[in-house]
Structures are given as structure tokens and as C-alpha cells.
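Number of protein chains: 2
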Amino acid sequence: MKSHIGNILNDLEKDNVQAYLLTQFTNVEYISNYKPTSFAFCIIKENPIIYASGMDMELARKDSTIEVKEYESYAAMIDELKKEGIKSLAIEPSLPFSTYSKFRDDFEISSKTYIDKQRMIKTPLEIEKIEKATEIAQKSFLELDILNNRNTEKEIAFDLVRFMIGNGADKESFDTIVTSGADSSLPHAIPQAKRLEEPILIDWGALFEGYCSDNTRTMVYSEHQQEIWDIVAEAHDKAIKAIKPGLKCCEIDKVARDIISDYGYGDRFIHSTGHSLGLDIHETPGFSLRDDTIIEKGMVITVEPGIYLEGEFGVRLEDTVSISKRANVIGNLPLNID
Amino acid sequence: MKSHIGNILNDLEKDNVQAYLLTQFTNVEYISNYKPTSFAFCIIKENPIIYASGMDMELARKDSTIEVKEYESYAAMIDELKKEGIKSLAIEPSLPFSTYSKFRDDFEISSKTYIDKQRMIKTPLEIEKIEKATEIAQKSFLELDILNNRNTEKEIAFDLVRFMIGNGADKESFDTIVTSGADSSLPHAIPQAKRLEEPILIDWGALFEGYCSDNTRTMVYSEHQQEIWDIVAEAHDKAIKAIKPGLKCCEIDKVARDIISDYGYGDRFIHSTGHSLGLDIHETPGFSLRDDTIIEKGMVITVEPGIYLEGEFGVRLEDTVSISKRANVIGNLPLNID
Chain A
569 MKSHIGNILN
579 DLEKDNVQAY
589 LLTQFTNVEY
599 ISNYKPTSFA
609 FCIIKENPII
619 YASGMDMELA
629 RKDSTIEVKE
639 YESYAAMIDE
649 LKKEGIKSLA
659 IEPSLPFSTY
669 SKFRDDFEIS
679 SKTYIDKQRM
689 IKTPLEIEKI
699 EKATEIAQKS
709 FLELDILNNR
719 NTEKEIAFDL
729 VRFMIGNGAD
739 KESFDTIVTS
749 GADSSLPHAI
759 PQAKRLEEPI
769 LIDWGALFEG
779 YCSDNTRTMV
789 YSEHQQEIWD
799 IVAEAHDKAI
809 KAIKPGLKCC
819 EIDKVARDII
829 SDYGYGDRFI
839 HSTGHSLGLD
849 IHETPGFSLR
859 DDTIIEKGMV
869 ITVEPGIYLE
879 GEFGVRLEDT
889 VSISKRANVI
899 GNLPLNID
Chain B
569 MKSHIGNILN
579 DLEKDNVQAY
589 LLTQFTNVEY
599 ISNYKPTSFA
609 FCIIKENPII
619 YASGMDMELA
629 RKDSTIEVKE
639 YESYAAMIDE
649 LKKEGIKSLA
659 IEPSLPFSTY
669 SKFRDDFEIS
679 SKTYIDKQRM
689 IKTPLEIEKI
699 EKATEIAQKS
709 FLELDILNNR
719 NTEKEIAFDL
729 VRFMIGNGAD
739 KESFDTIVTS
749 GADSSLPHAI
759 PQAKRLEEPI
769 LIDWGALFEG
779 YCSDNTRTMV
789 YSEHQQEIWD
799 IVAEAHDKAI
809 KAIKPGLKCC
819 EIDKVARDII
829 SDYGYGDRFI
839 HSTGHSLGLD
849 IHETPGFSLR
859 DDTIIEKGMV
869 ITVEPGIYLE
879 GEFGVRLEDT
889 VSISKRANVI
899 GNLPLNID
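Protein chains in written order, with the numbering used here: chain A, 569 to 906; chain B, 569 to 906.
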């Protein structure tokens, strides 16, 4: 984390900005190991500091690797910054307008993605945690009794979370999706209290020591479903094979999208090919139409093409890859679940 | 929801603003019944419209009570607004800076709390849903076998969520807190894989048809713990009795804080006395030091004083009240759990 701060201080110096304000909980966690439960202002500067809420002080003092003070008021915080001679302040793009407006009269504000850029490249320890989260999630998936059709989508989703926690997860890394039949054409379907229909689409992940995993499998049962599944699997496999450092993220999206389009389903692939993950389930960069970020070693990104036929069904297949010379699929769960 | 939009249109007219942009998922849900799963821009104006992401179009068309278009780009959306002659745009205070910055060159921007103010006053149907969420949560709590000390905090938390889902909840309304022993001095403790110690503090809620419940109970076992519990219970009861329309929110905080201070624990009551809830678990107004919002009929607010003794233990007692002539406690779970 010291090197994280060091890198950001270098970025600040290059841009001639004196301090960087972070409030997003996972950003504060990334920098300091303390994850706020209420609110916090983390200010990276020569002497980094966190202003934490009173109710978080015990936790913050225990977990934080950088200095923590109790937040009193915007006025007091701004005063201290001004006393240090700080005139220019960088902010996260995600900072709420209301917070921005507290600072804009006293500082020269610029929105900077230093922290997002830093978080794009995972350390070996971060990758290990994502691998462990994936291992827990995939092992738990295999413990499911999917085809016992007395079960409802909601029950299967619940069992999966139960197994993940039993296998060592902190919790699910996002709301588990278990959807089936026509509902599977909703990419973010909510599990219903209805017995499983066909096909069955499960999109799930574990959180382990703060880090997320993300996978999707679709189990198909008819010829038409299998046909769509095969197209999605081809897009999935070829996109992963195409990944290498130096290419742009959008080029990987194009590989998957072109395959699906060639089969005539281009307009039914209604989302991006993938997103980074880490402390958050959605991070940058993503394999999407307009993301021209250069792929680098250390990135961890999902590959999840899908085809959604409204009123019929949907198929999505998702793995998470870590990038070194090429893309390494994390985990070893086959695409094809029997 | 038509009346919700109507009220906001009136606010806009009064302030001479032409349109109001909402992006927070629960705000969009409140206005349109469609809860985004990806991103959405809901614009309240003469003819309200939602720009939804492609992957949400099926869901949005199904759920939304107002017109939905597929989002293409900021440029296209801004163009359409300008064609309608819109020059002034109100935004939510929570709008991310990056989104604000897309609009600020083309519109006169003002941050407005119309939607928060509207959401402060719950309709009878909203209160019914909060009551039902509370009923589910409290019934589930009573199904717990708390004192079976083979159980860990994590297991109890998991059981509670399982019971809530079994009793009809969509899910938990926030991360369930089951904490015990010295850890209970952390207001937002995370359940650990350790057997229950004493005292035991449980802070939990159910989500029912989108609406949250929120309660806390603390089970104490020593004289010192009981002494602290009694003070917190007195603050809880007297704060609730003090609530009535016309008073300021901060006056209720003062009632609870003064009682705890009189016993010498003022500096160990490290958070506000309460917060509103509804579609979100934390809404405005709150019973806090600086919130001078006037209490009105239809508000639903928690009352949750606490005393936190670092290294020893913490006690918090929380109920949710709906306000009519006085405060009505929602649910009927006793404070004192035997």
C-alpha cells in the first residue's frame, strides 16, 4: 500500500496537483486497508490522512496503515488543508456532486483517474485472492443439486450462497443470479420463487478477503438452446485466445461481437464482453465497444458474451482471466456442465 | 407515481427549472417502478422519459410506468433535451462528478433535493411494505436459537437471513450484523467465525417488495452490561415518546443524547439517534445533531441510541417508527429478549 501511495504521489507531482481526495469505500480500503462502514475522506498528499466518522474510529485506528483523524466538519477539514498550503485538489470521478460542491470554492478541483488506473493492475497478492474467491465459488457451484427440480430459482441461489460461505467466502460478491426459462433473457434477472425451467443460467461469485470472483454458466436442454450455446462458447473461447498485452480492450469486444454478429445475433448481444474486477465487482477497463485502454499484464477481466432472445431464453458464459503474456483463465470449471 | 411526478413538476415550476435528472437506482424506481440493474437516466419534465441501457430494455419496458428509450450516448441525449428547448437542468446531490461534467457545458445546472423531500413522506402503501418487512424480520429473529452456543456469529447471521427469505423477504435489507463480546463496540461490526460471546448484538432487517426494515437488539448477561442496557433503553423509550410533528429532528437526537450524557456516556454515543428508511436503508431526514428538518406525518425513521465501550462491549437498541400524531413503533418485538 505504501507503493500505491507512492505511485499516486508521482502522478500528482507530474500533474502539479497537491492532494487527491478519495471517498469511495474500496478506494480508501485499497490505500489504507481500512474499509469505511459509514463515510470517510482519505486525502493523499505528502502526509496522507483519513478523516473517519466517529463511529468508525475504533475500526479505522485498528485497520488503517495511514494516519486517521476523527471527522468534525467540512470547514475544519478544509481549514487544515489550507493551512498546509494546499490549493489544488484532485477528486475521484465518482465523487458525489454535493461533496464536490463543498470543496470547489476553496480549491482548484480536477477530476483524476489515478486510483482507477492504479487498481487496474493487480499485485500478485490481489490475483491470489481473486483466484481463491473463484476456487470457492466454483467448488460451491459443483455442490449444487441443480437438476433436482423440486427446487426454485430462489432456493438454488440461496444454496449457492450458503455453500460459498461454508467454503470460506466472506459473502457473495454480488446478488447471485439463478434464472431459467424465458426469464433468462434478462441479463440481470432476479431469482424467482418458481421451479427451474430450461435453460438454467447461473451468474455468481464469492467475496474472499475483500476480493470478488465472477462466473456464469448456462445449462441448455434443446437443440435451439444448444445452437445458441455453441455460438456463445465460440465467442467466449476466441475472445480469450485473442487477449494479449498491447491490444486495445475494444479489440477483444470486437472479436466476440463479430462472431455473434456473423451468426446473425449481433443485436441480441446487449452488453459489453467483459469488465475488470477486484475489490469491486465492476472495475475499469472493460472489453467494450468504446474502451480503448491498452491491455496490460496484471489486469483481471471477465469475458462474458451472451445472446438474449426476448420471450424465449438467454445464454451467457463467463470466465475471469488474469493477463500475463496471454490470458489465463482463473479456475478450472468446464464451460459445459453435464 | 403520477402524483410523485406531479409534485416534482410543481417544484420545478416554482424554481423555474425545466427538467430534473435522476440516476440513483431507487430514485428511478420511486418515479417509474423500474429499478435499473445497469445504469439509467430518468428525466422528469413535461414528458418524463428514461434512457435505459440496452441490457435493461426488456425489464424497463416491462416495469416502467413512464416512457423508456434506449440510451445511445450523452451527445444524443443532450441533443434531444436541447431540441425540446431545455436550458436548465436540476440534478440529484448524489450525482457523480463525472456525470455532472457531461451536462454542465450545455445546461444551467442546480442541485436539488426535490426527490429526497418527496421520499421523506411515505404513502400508506409504502408504510405497509415497511411494516411487512419488519414483521418478516422480527418473526425470523424469534426463530433463531441464539443461545445455542455451538453457533458462531457468522452462522447466526446466516440463519437469520435464511429465515427472512423463508418468511417472504426478497433478501436482507443490509449486511446483517451479529456481533458479540468486545467486538460489539464496533457499531458496524462484521460477523466473525467465532462462537458467540457476551453480550450479543444483532442489527438486521428484511427487504420486502423493495422496502427495508431495520431493528437492533442487544442481549446482556452481566450487571455492568445490564446497567448500560438500561440507559440505552431509557434513551430509546424517551426519544420515541418525544417525537411529534412540528418538532425538529435534532430535538429528538438531543433527547436521547442528553439522557446518555447525564449518565456520563455522552462521548460513547458515537453516531446519530436515527435515520429514515424506505427503498434505501439510509434516507433523509435523520435524528441527528445538525438535522433541523421539521418532523412530519408520514415519515418513517429509526431510533437507535447506543453506548460503545471500546475493549469492553457495546449496546444498541433500535426500532423503526412511523409518524402520525405521535410516533408508532413498527412491529411488536420487545426490547428485552429473554
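Take the hints with a grain of salt, since some may be wrong.
Identical chains share a label here; the pair holds if one copy fits it or two copies do between them.
[Stated by the list, open to error] With a Cα cut of at most 30 Å, we get these calculated DSS-like pairs of lysine-lysine:
hint : residue 1 : residue 2
1    : K650      : K707
2    : K651      : K822
3    : K707      : K697
4    : K762      : K697
5    : K637      : K806
By construction, these hints were calculated from the structure, which means they are not laboratory data.
Now the hints, each set against the structure:
1. For the identical chains of this complex, K650 and K707 are neighbours neither inside a copy (53 Å) nor across copies (53 Å), given an alpha-carbon limit of 30 Å.
2. For the homomeric pair K651 and K822, neither the shortest alpha-carbon distance inside one copy (51 Å) nor that between copies (33 Å) is at most 30 Å.
3. Taking CA atoms no more than 30 Å apart as the test, K707 paired with K697 passes inside one copy only; the shortest distance there is 15 Å, against 37 Å between copies.
4. For the identical chains of this complex, K762 and K697 are inter-copy neighbours only, at 22 Å across copies versus 35 Å inside a copy, given an alpha-carbon limit of 30 Å.
5. Taking the shortest Cα distances, K637 and K806 never come within 30 Å of each other, neither inside one copy (51 Å) nor across copies (33 Å).
Checked against the numbered hints given earlier, the structure breaks hints 1, 2, 5 and satisfies all the rest.
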